[in-house]
Amino acid sequence: MRWRRIVPPILGVIIVVLIVVIGSITPLVSILNPSKGVIQNSRNLVISNQTYNLPGLQNAVNVVQDSNGVYHIYAQSASDLYYSLGFIQAKNRLFQIEVFGLEGMGQMSTFFGQSYQNYDKFQTMTGAPITAEMDWSTVFDNRATNNTDATTSTALLSYADGINAYINYSEAHNTLPLLFKLLGVTPYYWTPVYSFAVQEIMAQTLEFGDTGLQFSMIYSMIGNATYNLIPTFSPVQSYYYAGYSGQANPSVLAESQNTYSPNATVISMTRLLLKEFEYDPPTYFPVNVPDHSNEIVIAGNRTSTGNPILMGGPVLGFSLPAIWFQVQLVAPGIDAYGVVLPGDPAIVIGFNSNIAWTLTDTQAISDGTFFFVQQISGNSYYWNSTLHPLKTYRINGMEVNWTNLGPVMVQNGSIALVMDWMGNMFSNDLGALLNIMTSSNWNDFRNALSIWKAPYQNFAFANRTMIADISPAFYPIFSGTTYNPGAIMPGSGSEYISGSVPYNMVPQVVNPSDGYIVSSNQRQVGPAYPFWYGNTMSFSDGFRAMMEVNYLNNHTGISVHDLSAFQQHNYTDYSAQLAVPKIMSYISHSSNTTLQRAAAIFSGWNYSMGAGSTAASLWFFTYQYLFNDVFMPYLQQIGWIPGNNEVLGVPSGMGGSLPNTTGYASMEVDLIHYILNDSAAPFSADNQSTMQGLIQQAVAQAMEHLLSLYPSGNFTWGKFYGFLFPNLFGLSSFNVGPISKGGDFNTPNDASGVGPANYPTGGQSWVMVVNLSNVSRSIGVYPGGQSEDPASSQYSNYVMNWINGDYLSLLFVAKASDISSANVMSVIHLNPEVG
Amino acid sequence: MSAINRNQYVAFISSLVIALILGFLLLLTGIWYLIVLAGFAAALIVQKRNVIIFLSTFIAGLLVSLIYVILLPVTYEIAIMNEVATLAGISSTILWALMFLVSALLSSAGALIAASLTPFLVKGESNASP
Chain E
2 MRWRRIVPPI LGVIIVVLIV VIGSITPLVS ILNPSKGVIQ NSRNLVISNQ TYNLPGLQNA
62 VNVVQDSNGV YHIYAQSASD LYYSLGFIQA KNRLFQIEVF GLEGMGQMST FFGQSYQNYD
122 KFQTMTGAPI TAEMDWSTVF DNRATNNTDA TTSTALLSYA DGINAYINYS EAHNTLPLLF
182 KLLGVTPYYW TPVYSFAVQE IMAQTLEFGD TGLQFSMIYS MIGNATYNLI PTFSPVQSYY
242 YAGYSGQANP SVLAESQNTY SPNATVISMT RLLLKEFEYD PPTYFPVNVP DHSNEIVIAG
302 NRTSTGNPIL MGGPVLGFSL PAIWFQVQLV APGIDAYGVV LPGDPAIVIG FNSNIAWTLT
362 DTQAISDGTF FFVQQISGNS YYWNSTLHPL KTYRINGMEV NWTNLGPVMV QNGSIALVMD
422 WMGNMFSNDL GALLNIMTSS NWNDFRNALS IWKAPYQNFA FANRTMIADI SPAFYPIFSG
482 TTYNPGAIMP GSGSEYISGS VPYNMVPQVV NPSDGYIVSS NQRQVGPAYP FWYGNTMSFS
542 DGFRAMMEVN YLNNHTGISV HDLSAFQQHN YTDYSAQLAV PKIMSYISHS SNTTLQRAAA
602 IFSGWNYSMG AGSTAASLWF FTYQYLFNDV FMPYLQQIGW IPGNNEVLGV PSGMGGSLPN
662 TTGYASMEVD LIHYILNDSA APFSADNQST MQGLIQQAVA QAMEHLLSLY PSGNFTWGKF
722 YGFLFPNLFG LSSFNVGPIS KGGDFNTPND ASGVGPANYP TGGQSWVMVV NLSNVSRSIG
782 VYPGGQSEDP ASSQYSNYVM NWINGDYLSL LFVAKASDIS SANVMSVIHL NPEVG
Chain A
37 MSAINRNQYV AFISSLVIAL ILGFLLLLTG IWYLIVLAGF AAALIVQKRN VIIFLSTFIA
97 GLLVSLIYVI LLPVTYEIAI MNEVATLAGI SSTILWALMF LVSALLSSAG ALIAASLTPF
157 LVKGESNASP
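Chains E and A supply the protein sequences, listed in that same order.
All letters in the first sequence, in the order written, are residues 2 to 836 by our numbering.
All letters in the second sequence, in the order written, are residues 37 to 166 by our numbering.
Read the hints as simulated data drawn from the structure, not as lab findings.
Keep in mind it's a predicted model, so treat the numbers as computed, not measured.
Note that beta-carbon positions come from the ideal geometry of N, C-alpha and C, so glycine has one too.
No false leads were mixed into what you were given.
These stretches of chain E come out as covered by chain A in the derived footprint (C-beta under 8 Å, 3 or more residues):
1) 3-9
2) 723-737
Chain A residues, not near chain E, derived (Cβ > 12 Å throughout):
3) Ser38
4) Arg42
5) Gln44
6) Tyr45
7) Val46
8) Ala47
9) Phe48
10) Ile49
11) Val53
12) Ile57
13) Ile95
This is chain E alone, in the form it adopts within the complex (with noise of 0.2 Å):
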């Protein structure tokens, strides 16, 4: 019949249509393609022994994975060491290094579609990715005559060359990265600028920020009172790591409480500016949290060892795949261990067989982020009466205007904001990373990092013999009329930056006689510095760091054990320390017998914020409330909220730990400092409210919030309190935990958050102790793994150790064949490609 000739073409037409047309609307029948597919990438899972012949490579090189899963990289040269180590890196990050990339390009949209636009168009605005250019070209251009920029220059191109040898060996057997093949997209080729643009996104996590817009839109509605609610100096912290406490010197007080006034124009277009700020790229990837980092180095008089011991523990966003990835390179003239970032090959923490090293973010100078009002006109501006051309850069598809000063961040008519970013500066940190890796004394430490523009890091250094700590930056100096360079300055001429603080006027500290060192984004230097260095707004607290300097007093004798104990499992709240017993004070004596109950609670508590504490629950939600109800009747009295609180957020205690709220350091540091002081004034209500009455109040707030949630009265602490570690790419399928764990804001492993709405996802992203008595007795752990699939076995293998404190020992050996084979998990051969 007719029918049977006809119908089964047909069917088998629409049969091949129908997939054919599934296949380009969705990426179904790519991903199951089962020869380019994502069984494919199974054989990326499979660790074992493996050689791969390379085009690029000099000579063989040896690559050891070993039992923890970190990589020990053995060259001949160290263009083939960066070579390895880009194809390694790739072979496990590839998609989170390009990420990054785009990330720092402003091109974050070509991978994930429209929805990034305002993203890439905030980081365009920024000028990250010109200043990514400018210093590739220019450590490029300088090479010849600069032996660091020519380090820099074969590092970063042979790193890319391996990151593209990669890339070109997963396409063509077909194991690109799971992502690539979901998203339908193909990586881009790597080159220097990119990692660069990583070095410019860390800049912005680390010292990028918007408080000197937040600071003139509280001036503007205070006036001097902001002096009050954010002081200049602390009222607290006596311990500065580099010295000159006493009184303040009087011309920088001065020119910290001489703040510009801008008109409600400029006002206006400060609040805009500051919603644009929701767009920049390190505040959603990874996760950015508010949290500080750790680094202690103790002088071999107070260990047990007889040699110093150096304690990091770098504070930012959690996420699996993890920001580190860990290494030891090897190669003639080079033998060092630690972590490096994705897209760049420096080993940023870590140590070699004479020195090691460790960096926590100094927090000054209002993170190196400086706005100023200028006149423009048509394609000029002004400057000093004068007209001169603004200078137009066209990139990512956009034109971005700068003046003298920097970037035209937004612009009403003829007046605009101008934003003056020290990360736009040229700044060869690669190029001081990788000299510190192959440095062997505090000179060419100290010489290393003399080139370090930007963002602002405490360096913290130990040898055999000795400790100390760098602060290195370009810290301006303003000259002209010396407004406040914390809030926004005139930028007509007579206010510019004229200079640099000098290198050995930097804070710095050699051998204290304290025998040691505690650099935990506490303001380095007290108030009789002779330089402007920010204000209370940007710098963390200092509670933790006096918690440090407290344990380090009390304690002698310290071993690697004790200080990684110490760093991980001591959840001593010093804020607690410092304010229960006056809270204790006005309610143990109360006739009310919730207040009694909580006085119960709190009696004999150690101030520890253990998991299984219920004390430590009482003390987190009574400062919470304490903190509301002295704060916030001002704000609302002032107009912050709920008029201005889109853009200045509402800020809570604990660095912002209640859900959808913002940390303000300054009022952690005026709140304690009004218990201590028994007054709330002039932020209470009224100014009549007593400190006894609102803390009371508080502690009975916190007694009902918690007994409404454990009328058992079984509200630990672990309840409420844990650790999330999203997935990077938002794939919340992948996240891990949350999982409990001592400790909040105020303890080492600082972080602030509370469940269930708002877990901390962020902490000590990489906890290391260099025992320098001899380093391959150190140890250390990251909370992730070194791969970015979560398929595999290395995704989060590390998450448990991390968070149960089981540091894991850092294998140092300067020769593969040294490696015994019980510590092997896989050796890969990297040969170069013959013809």
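Take the given structure of chain E and dock chain A to it, following the hints.
Just chain A, lined up with the frame of chain E:
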């Protein structure tokens, strides 16, 4: 086994083997749709009833996918498919089934299309011939 049944059996196996080998080779190019040609060729070479051609090429398509699967580390494939299924919000069983089904359908679709041409290629021989 009667001569007719033996004939059909041989045709079935022949068609399956041709489609399987061609399908595997064509899939090496990475273009999944090319499996259509495998079924097409099998049907042209082994000119038999639609049912035999369809079933043999359908099974051949399944087997092509299966060969690719068993050539890879199966444990990790399962992990990968679980990962993709989690992201897609569907069961990994469905993904596996789809992978095999698409191969099978492409191969058999090619055969069905070829079935319309065989009368023109071999004069006087109908599709209904045993």
